[in-house]
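Visitor: Protein chains in written order, with full-length UniProt numbering: chain E, 1 to 306; chain U, 1 to 327; chain F, 1 to 378.
There could be a bad hint or two in this list.
[Said to hold, decoys possible] In silico negatives: residues of chain E with every beta carbon more than 10 Å from chain F: (1) L5; (2) Y121; (3) R144; (4) V149; (5) Q214; (6) K241; (7) I259.
[Claimed, not checked] Covered stretches of chain F, as calculated for chain U (at least 3 residues, CB under 8 Å): (8) 47 to 54; (9) 205 to 218; (10) 329 to 341.
Hint data in this document are derived by calculation from the structure and do not stem from the laboratory. Glycine included, C-beta positions come from ideal geometry on N, C-alpha and C.
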Amino acid sequence: MSLVLIAEQVLNGLQFGIMLFLMAAGLTLIFGVMGLINLAHGSLYMVGAFCAAAVAGATGSFLLGLVAALAGAALAGALVEIVVIRRLYAKDHLDQVLATFALILIFSEGTRWLFGSFPLYLNVPEYLSGPVTLPGGIEYPVYRLTLIVIGLVVALGLFLLIGKTRIGVQIRAGENDREMIAALGIDIGRLYTIVFALGAALAGLAGALVGAIQSVQVGMGEPVLILAFVVIVIGGIGSIKGTLIGALLVGLTQTLGGIFLPELMKIFMAPSAATSVGASLASMAIYVLMAAVLIVRPTGLFGARA
Amino acid sequence: MTREGIVNALVLVCLVLVPGWAFYAGETFTITLATRVVILALAAVGLNIALGLGGLVSLGHAVFFGLGGYTMGILAYHVQAYEPLFEWPFLFEGTKSMPAIWLAAVVLSALTAFVIGLLCLRTSGAYFIMITLAFGQMFYFFSISWSAYGGEDGLSIYVRNGFPGLNTLDPIQFYGLCFCVLVVVLWFASRLNRSRFGLALNAARQSPERVEAVGLRPFHLRLTAFVISGAVTGLAGALFADLNRFVSPAMFSWQMSGEIMILVILGGVGRLYGPVVGAIVFVALEHVLGDLSDYWHIYLGLLLLTVVLFVRGGLIGAVTGRRAAHD
Amino acid sequence: MLKSLAVGASMLALLSGAALAEPVKVGMITTLSGGGASLGIDTRDGFLLAVKQAGNKDLEVVVEDDQRKPDIAVQLADKMVQSEKVDVLTGIVWSNLAMAVVPSTTAQGKFYLSTNAAPSMLAGKGCHPNYFSVSYQNDNLHEAAGAYAKEAGFKKSFILAPNYPAGKDSLTGFKRLYGGELAGEIYTKLGQTDYAAELAQIRASGADSIFFFLPGGMGISFLKQYADSGIELPVVGPAFSFDQGILQAVGDAALGVKNTSQWNKDIDNEANKAFVEGFQAEYGRLPSLYAAQGYDTANLLLSAMAKADVKDADAFRAALEEADFKSVRGKFSFGPNHHPIQDIYVREVIKEGGVYTNKIVGTALTDHADVYAAECKM
C-alpha cells in the first residue's frame, strides 16, 4: 500500500469526520444547554437535504439549495421546538426519547407523503465537480476538499460564537447552571429556541452538503444520527471541542478501519475470508472505540459532568 | 384492592377472554396477535426491571432479545440440518425442546448482561443510554456478517419447537404457554419489587448516597438488576423467535431496543403491568392504523406524542391518576 | 352436513360448466412504507395493472405492508393464511423477508410466487413444489454481468458488494462466469453511503473495470461519488442500481453505464407494449423492473387459473409449470426447480427526452438457468 493512498485515505477520514461534526455539533449544543436527547436530529438532516434538492431542482442553483437547506431546517427546528420540544425540558430522558422517536415517525412519513417514495436528485455543481491534483500526486475530488473547508469554517465560527459573543456567554451559562440564567433576566425560552434552530440549521447544512454526493431519500438521517451520538459521547456531552475531536476520531476509525482491518486479517487467513471478517470487524470498530473510551473515561474525553 | 390493582386484574382478564373468544369464533389471527402482545410484554417486563426499578435507561436491550432469538435459532437449526453443534467434549446435536432452549437463552443472556453491565454501569445518565446502544450495534453488525447462521437473511426454522404435553403448532396452545410464562414472570417481578433487594434497588435509584451509608453497594444492586432484566428479555427473545419460526439481525437492531422501551414508557414506567398495557396498545395500534392509510406512521407518531405530552405516568397512570407507588 | 354441502356445491359447479371459475384469493405482502417503499409500490402497481387489464372477477387481491421487517412479514403471512384464507402469496421484495415467510407458507400447502427475491437456498436444497420464482434466481444478473465482462475483454476487474449474504452471492455469481483476474474484492458495510475509501483503493489498484452490486441508496451514492472521483473505467452492475425509480436521482453520473437485466421497456413484443403503455397511462410514470416482475407474476397466475382449479393443488401446480402466458420478457419458461429459464440482456443508461432510462445493447446470456437446480430434489 503506497504512501499516497494512505494520505488520500486520511483525507477521506477527515472529510467524513468533519461532516459528522456538523451533525453532532447541534446535537451536543442541544444536549448540553437544554439537557435534551433529540433522536429527531437525523430528521432535520433529512429536511435539509430535501429542501436543498427541491430548491436546487427548481432553480438550478446549488447555492440557493444550500440557503434553502439552512433556512428550511432552522425553520423546522424552531417550529418543532415551540410546538413540542419545549414541553419536554422538564421531563426525564425517557419521555424525551419517546417523544423525539415519535417525531422521527412524523417527519419521515410526512416527507414521504410530500415528496413521494423515490429518491430525489441533487448533484454537485459543475464548478465543484471532478478531481484536482494535490501536492504528492494525490487526485482528490474538489467537492470533498470544499466540504473539509466549509466544515472547518463552521467549526471556527462556532468556537467564536460561543467564546466571544453575547449569545455564546448565555449558552455557556445555560450549560453550567440553568436556574442561574433565568435569574440573570435572560429570556430562556428565546435562547432555547435559538439554540435549537441553530443546531437544526447545522444538521440541515450537513444533510444538503452530503446529499449532493449521496442519496436524498427518506430515512437517510437515522444512520448518521447514531454516528453523531457516538461522536458526542466520545467527545463528552456539551463540549464543542470534544465533539470536533470525537468526530475526527470516528471518521478516521471508520475509514481507515475499513481498509486496514481486511489487510491485517490477510496475514492470518485466506484472502476472501479475510475481506469478509475484516469488513465485519470494521463495521464494529467505532462502537468498540466508543465503549473503550467510556470504560476508561465514563464522561467522555472532554465531558465535565456525569 | 387499589385502583391500579383493578386495572391489572382487568388486563389479565382481557388477555384470557380475547384469545378465548378468538378461538371460539375461529379468528386464528387474533390469537397470533395476542401471542405477539404477550411476548413483547414479556420483553418489556424484563426491561422494566432495569428501567423502572433500577433507573437504568438501557437502549441496548435488543442484545438480549436477539441473543434469546439466536439461541433458539441455532439450537433448532442444527437439529433441522442434521449437523451437530459440536462434537467435543461430547456429541451435541442441538435441541428442539422449548424448556432446554429457554434455559440456554436465560443463561446466555444473563452472562452477557453480566459482562455488559460490568462495563456499562461505570457510566450513568445519557452516557449509559449511549454505551448500551453501542453494544447493541456491535451485536447487530456482527450478526449481519456472520454467514454461518444466515447473516442478514436470518435463520428459518420450519417447525415450531416442542413443549412436553403440548402441540405448540396449535396457535391457542402456544398462546397459553406464552401467557403462563408471562404470568409467572409478572409474579416474580412483583415479588422482586417488594423484596429487600427491590427496596434497596429502588432506594439506590433515588439516592445512592443513603444506600451506601447503610453499607450496600449501589453498583452491585444495579448489576444484579441488569442481569435479571437481561435474562427475562432473553427468554422473551426465544419465544418471539418461536412465534415467527424465524430469527434475523433485526432482533438486534436499535429500533428493536427503542420499540421495547416505547412499550414500557407507553404503559407507565415502573408499574408492574405497564409493559403489558403498552404492548396491547402498541400492537393494536399497529394493526388498526396499518389498515387505514399507507402513511400510518404519522398517526402513530402523533398518538405517541400526545401520550408523552399530556398523559402523566403512561396509560396506567392516566387511568389510576397517581404516580407509581414507589416514586 | 358439511360434506353434503361441499358435494352439492361441486355438482352445481359441474352443472353450470364453470369448474375452473373457483375464485382465487391472493395475498400480497410487500414494502409500502419507509425507506424501501418505492420497490414495493412498483411491484404492487405492476401486479394490479395486470389484474385490471384481465378483468377477471374471480381473482381477489389483498395487499399488506411489511415495513421491510421480517417479523411483520411473518405475522402478515400468518394473517393471510389463517384469517384471509388466501390460496397464493406473493410480493416480497427482500431476500431476508422471503426466507422468513416462504418455507412456512409452502409447508402449509399454499403457493408462493416470487415477484423479486429468490435466494439460493430456495432454488437449491430448500426448493419446494409450491414455490415459483417469476423474477430470476438471485445470482442470475450477477452471472450475466460476469459473462459480459468476459466478453468485453476485461482482464482485471475490481469488484465490490455489501457484507451480507446477497452481497456474497453477488460476487460469487460474478466470478462464476467472469474467469479473469481480480484487481480487488471488497465487502462494504451494509447501508454505507460514503465510498471515498473504496474509490481510492480502486484508483490505486490498476483495475481495468469495475463491477458493483449496491442496491438502493447505496448504489446512488456510489455512482455519484464515482462520477466525481475522476476515475474513468468501464462500470458494470446488475439492474438494481439502474432501475427507473432510482436513475432520476443518480442523473448524469449513470450515463453510459452497462447493466444486466432480464427485462427492459424497449423489448419488442405485444405484451411489453401493452404493459409499458398501460402502466404509463394508469400511473403517469415509466415502469420499473419490479413493476414488470409484478405484472408477469399476475399474468402467470391468471394463466394457471384459466387451466385449473386452485383447490386442486397438483393440477394448479402443473398449470403454473407450463408458464403459458405472454411474458413482457418474450420467451419464458420454468426450469426443474421452478426458477426461470430466460435471456438476460445488457443495457446501457441513456437520456431520452430529459428522462434517464435504459436501452438494450446486447444479450449477455441466452436461455440461462441457475446452478442450484441440481441440488433441488422435489
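Visitor: A separate judgement is required for each hint: does it hold in the structure or not?
Guide: Evaluated hints:
In this structure E:L5 is not separated from chain F by more than 10 Å, as the shortest Cβ-Cβ distance comes to only about 5 Å. With a least CB separation of 5 Å from chain F, E:Y121 falls inside the 10 Å interface cut-off, contrary to its annotation. Not every C-beta of chain F lies more than 10 Å from that of E:R144, the closest at about 7 Å, which undercuts listing it as non-interface. With a cut of 10 Å on Cβ distances, E:V149 stays outside the contact zone with chain F, its closest approach being about 16 Å.
With a closest Cβ-Cβ approach of about 4 Å to chain F, E:Q214 is found to fall inside the 10 Å limit, against its non-interface label. Listed as outside the interface, E:K241 is consistent with that label: its C-beta sits roughly 24 Å from the nearest C-beta of chain F, beyond the 10 Å cut-off. With a closest Cβ-Cβ approach of about 6 Å to chain F, E:I259 is found to fall inside the 10 Å limit, against its non-interface label. Given as covered by chain U, the segment 47 to 54 of chain F fails the check, having 0 residues with a CB less than 8 Å from a CB of that chain where 3 are the minimum.
Here the segment 205 to 218 of chain F counts 0 residues with a CB under 8 Å from a CB of chain U, which misses the bar of 3, and the coverage is violated. With 0 residues bearing a CB less than 8 Å from a CB of chain U, the segment 329 to 341 of chain F misses the requirement of three and the coverage assertion fails.
Comparing the model with each numbered hint stated earlier shows that hints 1, 2, 3, 5, 7, 8, 9 and 10 do not hold.
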